[in-house]
Amino acid sequence: MSVSKDLISGLTLFEKDFQLEKSYLNLENRLEITYDQAFLLIMRVVEDLMAKDFNRLINTLYRIDVSEEKLKEALALSTDNPASVITKMILERQLQKIETRKKYST
247 MSVSKDLISG LTLFEKDFQL EKSYLNLENR LEITYDQAFL LIMRVVEDLM
297 AKDFNRLINT LYRIDVSEEK LKEALALSTD NPASVITKMI LERQLQKIET
347 RKKYST
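Mapped onto our numbering, the consecutive letters of the sequence shown carry residue numbers 247 to 352.
Calculated from the structure, these hints are not laboratory results.
Predicted model, so just to flag it, every value in this text is computed and none were measured.
Treat the hints with care, since some could be wrong.
[To be verified] Calculated pairs, PhoX-like style, for lysine-lysine (alpha carbon to alpha carbon, straight line, at most 20 Å):
hint : residue 1 : residue 2
1    : K334      : K316
2    : K262      : K348
3    : K262      : K343
Taking the hints into account, I'd like the entire structure generated from these sequences.
The following block contains the structure:
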């Protein structure tokens with residue numbers, strides 16, 4: 247499976263985990279996506295949740311198993327904006343899940 251397909255699978259999982267409407271990210275029409283495009287799609291949602299429903303964001307991060315310690319450390323060490331750091335952690339975690347599912351399927 248290509249990186250682009252893994253990213254699309256990760257974004258589909260992101261929609262589900264964050265309880266977004268199916269097709270919220272308009273993935274059904276995409277055959278390919280870059281890491282940067284996936285990053286921006288997730289970051290848009292993260293920024294919105296940070297502004298409007300921070301508790302939901304924190305609860306979802308916990309539920310999808312983003313390490314609280316790693317996140318705190320990354321936020322403390324980074325000069326990037328917090329939404330960017332959180333987005334990177336989410337995307338990494340979703341891609342890990344896809345890899346694990348591929349490994350144990352078949």
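Outcome of the hint check:
1. Annotation: proposed proximity of K334 to K316 holds, straight-line Cα distance about 12 Å (limit 20 Å).
2. With a C-alpha separation of about 18 Å, the suggested pair K262 and K348 falls inside the 20 Å cut-off, and the hint holds.
3. Restraint check for K262 and K343: satisfied, since their Cα atoms lie roughly 13 Å apart, inside the 20 Å limit.
In summary, this structure violates none of the numbered hints.
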